[in-house]
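Novice: For chain X, the structure is supplied; the task is to place chain Z on it using the hints.
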Amino acid sequence: MTDILLSLADLQAGTRAVVREFRAGRAVESRLASLGFTPGAAVEVVQNYGRGPLIVTVRGTRVALGRGEAAKIMVEGNNGNYD
Amino acid sequence: MTKFSAADAPAETQAKSRSPLIALAGQPNMGKSTLFNLLTGLNQHVGNWPGKTVERREGRFDLHGREAVLVDLPGAYSLTANSPEEVIAREFIVREKPDVVIAVVSAANLERSLYLVAELAALDAPLVVALNMIDVAEQEGLRVEPHVLEAALGVPVVPMVASKALGVRDLLDVVEEVLTGKRLPAPRPPEIRPDHAAVLTEIQTLIASHVPDPYPPAWMALKLLEGDAEVTRTMQAALPPETWEDVHKILRAHDDAFLAVASGRYEWIGRLVRAAVTRPRVGQIGLTERLDRWAAHPVWGLVLLAGILGLVFGLTFTVGAPIQAWLEEAVIAPLSGLAGGALAGAPAWVRGMLVDGLIGGVGSVLTFLPILVIFFAAFALLEDVGYMARAAYVMDNLMHLMGLHGKSFLPLFLGFGCNVPAVMGTRVIDSWPARLLTILIAPLVPCTARMAVVAFIAPAFFGANAVWVTWGLVLFSLLALVLSGTLLNRVLFKGQRSAFIMEMPLYHLPNPRTIGLLVWQRSLAFVKKAGTAILAMAMLIWLLSYLPGGDLNSSYLARFGQWIEPLGRAMGFDWRLTVALLSSFPAKENAIATLGVLFGVSPEAGLTDLLTAAYSPAAALSFLTVTMLFIPCLATVAVTKQETGSWRWVAVSLALFLALSFLGGTAVYHLAVWLL
Numbered sequence: 001m002t003d004i005l006l007s008l009a010d011l012q013a014g015t016r017a018v019v020r021e022f023r024a025g026r027a028v029e030s031r032l033a034s035l036g037f038t039p040g041a042a043v044e045v046v047q048n049y050g051r052g053p054l055i056v057t058v059r060g061t062r063v064a065l066g067r068g069e070a071a072k073i074m075v076e077g078n079n080g081n082y083d
Numbered sequence: 001m002t003k004f005s006a007a008d009a010p011a012e013t014q015a016k017s018r019s020p021l022i023a024l025a026g027q028p029n030m031g032k033s034t035l036f037n038l039l040t041g042l043n044q045h046v047g048n049w050p051g052k053t054v055e056r057r058e059g060r061f062d063l064h065g066r067e068a069v070l071v072d073l074p075g076a077y078s079l080t081a082n083s084p085e086e087v088i089a090r091e092f093i094v095r096e097k098p099d100v101v102i103a104v105v106s107a108a109n110l111e112r113s114l115y116l117v118a119e120l121a122a123l124d125a126p127l128v129v130a131l132n133m134i135d136v137a138e139q140e141g142l143r144v145e146p147h148v149l150e151a152a153l154g155v156p157v158v159p160m161v162a163s164k165a166l167g168v169r170d171l172l173d174v175v176e177e178v179l180t181g182k183r184l185p186a187p188r189p190p191e192i193r194p195d196h197a198a199v200l201t202e203i204q205t206l207i208a209s210h211v212p213d214p215y216p217p218a219w220m221a222l223k224l225l226e227g228d229a230e231v232t233r234t235m236q237a238a239l240p241p242e243t244w245e246d247v248h249k250i251l252r253a254h255d256d257a258f259l260a261v262a263s264g265r266y267e268w269i270g271r272l273v274r275a276a277v278t279r280p281r282v283g284q285i286g287l288t289e290r291l292d293r294w295a296a297h298p299v300w301g302l303v304l305l306a307g308i309l310g311l312v313f314g315l316t317f318t319v320g321a322p323i324q325a326w327l328e329e330a331v332i333a334p335l336s337g338l339a340g341g342a343l344a345g346a347p348a349w350v351r352g353m354l355v356d357g358l359i360g361g362v363g364s365v366l367t368f369l370p371i372l373v374i375f376f377a378a379f380a381l382l383e384d385v386g387y388m389a390r391a392a393y394v395m396d397n398l399m400h401l402m403g404l405h406g407k408s409f410l411p412l413f414l415g416f417g418c419n420v421p422a423v424m425g426t427r428v429i430d431s432w433p434a435r436l437l438t439i440l441i442a443p444l445v446p447c448t449a450r451m452a453v454v455a456f457i458a459p460a461f462f463g464a465n466a467v468w469v470t471w472g473l474v475l476f477s478l479l480a481l482v483l484s485g486t487l488l489n490r491v492l493f494k495g496q497r498s499a500f501i502m503e504m505p506l507y508h509l510p511n512p513r514t515i516g517l518l519v520w521q522r523s524l525a526f527v528k529k530a531g532t533a534i535l536a537m538a539m540l541i542w543l544l545s546y547l548p549g550g551d552l553n554s555s556y557l558a559r560f561g562q563w564i565e566p567l568g569r570a571m572g573f574d575w576r577l578t579v580a581l582l583s584s585f586p587a588k589e590n591a592i593a594t595l596g597v598l599f600g601v602s603p604e605a606g607l608t609d610l611l612t613a614a615y616s617p618a619a620a621l622s623f624l625t626v627t628m629l630f631i632p633c634l635a636t637v638a639v640t641k642q643e644t645g646s647w648r649w650v651a652v653s654l655a656l657f658l659a660l661s662f663l664g665g666t667a668v669y670h671l672a673v674w675l676l
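Residue numbers (our numbering), protein chains in the order written: chain X, 1 to 83; chain Z, 1 to 676.
Just so you know, the hints here were simulated from the structure itself, not pulled from any lab data. On a predicted model such as this, the values are computed, not experimentally measured, just so you know. For glycine and all other residues, C-beta sits at the position ideal for the given N, C-alpha and C. Errors might be hidden in some of the hints.
Claimed, not checked - Selected chain Z positions facing chain X (in silico; Cβ < 7 Å):
#1 N82
#2 R112
#3 A499
#4 I501
#5 M502
#6 M504
#7 Y507
#8 Q562
Excised from the complex, chain X in its bound form:
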């Protein structure tokens, strides 16, 4: 386990990671939480072309995130070892 946190926006398509913290402000964080983004949640980046919005899978749901929103979700890569 490393302590280095990456932003979700920096992950390439196909990468899996675990959400650790948010830097988005209460209102956005609350909306993200109701869609399944909570600390400890496993996410997989489905699409990320380096600009524009991303598609991320969280808890079995595909969610589109603006690049700005994705940049505020801090994750930790764990080489796919999670349940």
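Specialist: Coordinates of chain Z only, in the frame set by chain X:
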């Protein structure tokens, strides 16, 4: 906080308080509307929640020989006050106390859809879970055991496939059992994480004696800890100042508690899902993923979107426009003739008001219905199969220019059919500034009525080049839209941007019933508008064009047109073009009919010759430009007032379009004179 007291609740709910009241709750894309439509069919009423611009759907259906009232709560991901939908859903359950709350969840997406159930369970509502989409789950290799879920949740769980009407009878049987007390749902809500349990108890103890009726104190304490804005406001008002100070101190020390609460719910869900779902190894790539490689691709997605838009417009204009023209010629014109003959003995103003005002004004608005039906159907189909989220996704970049995000594209797209549903369609946008901005710029999307004016005038003046002129005008409008959007965002909203967070639903086969009902409701709303606001205004404009002498050329309308002629002259207009423009306020295509009256001919017979003789191509181009940019039609102004809830924004909108059309018209006229 929204109040649903007996006084302002819709009369329908109150009048038959004996009928069982059943609420349908669920997250978006769970098949909630499909179930609602299946149960109520055409026996439903669409309105607004009191004081809100959120659609309220209520219907009646036969439940074991008696009538039951079914209220479709707005789709909500949670019951925290993130959006008006979420507040409405929980307020309804707390205040109206429905006899049964049916929570629709998707077996194919159990983990996320149970989040709302976790919240509903904490509200202590008589809950029944409709486990929908078991067919989709099975296709993906998922098996859910309803009995295991039922035992773990403590409430009845009924497996079903709403889109194929499977399991509905079982669901109704269970609802009946709950109503008659044969089954008592005893939901086991998730418990808060141990590390926050003490804080929750502390808050609950502090507030317990001050919680306003009918809110459950334990639930209020939980929502306070979650930082729910509405509940915080309510409790701050209800608590004595010193108690509030204490509560506030605790809340500040635990301002990340909402994540602990949400995580606690997902842990609870995780246990349920592990017990109830047997999930074989997922290896295959789903249909949605394969389609999204194209539909959500930054380049191919846009190409596909352009192709789909082209197809919809092509269909609208090849199928819808001829029907519209036929209705105008074969129904409205003979009807006018017939009414004119029948009213031959009546005073001239009665005849004129009925024939020209009613049939000519409202009738010609209604001839646009076929075009709108095609447009609504295409839109509903794309929405139902799940494509619209992709369109929003690929348009996100472009919408960013205006400080908007992808979701604003959907109502704007609808605007090509008619601006009225476009303004109402802005309800999908979750932030108010973004929604307001979209409402303000939506009328710059050229609607079919304005395209009808272009289609009449452009060929007369520009012959073979009419196609290019038409495309140029459409592009010019869209350019004006982007520029106004960017400018308004800077001026009104200081360039702020709202968050783009949107679920991408799985693609699925369209449901004809859902699409049919959507088209029916939207068309009905349009017809109602034509019968009320448009009718009144058409009559008024007709009177102004008739009084005082019964002759248009000397009427109040003409005098007004002559009075402001100097303004029109800058754009190359004479008073007749100015009057035609003003008369397009009730309905844009009126411009042609008015010109027909002013030149003393019927629109079919030789108006084009008279127009080309009277005006230069530069004046015609200027007139078309102004038609594209002028203040929106009456119906659009009416819904702008309805959706923004204030005349202030209507005034802003009118000022914007007056300025824009005057500047645009003047610039185009002088440029055209110089070039042509």
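Novice: State for each hint whether it applies.
Specialist: Quick rundown of the hints versus the structure:
1. N82: Holds: closest Cβ of chain X sits about 5 Å from N82(Z), inside 7 Å.
2. R112: OK, holds: R112(Z) within 7 Å of chain X, min 5 Å.
3. A499: holds, 5 Å
4. I501: holds, 6 Å
5. M502: holds, 5 Å
6. M504: OK, holds: M504(Z) within 7 Å of chain X, min 4 Å.
7. Y507: violated, 11 Å
8. Q562: violated, 52 Å
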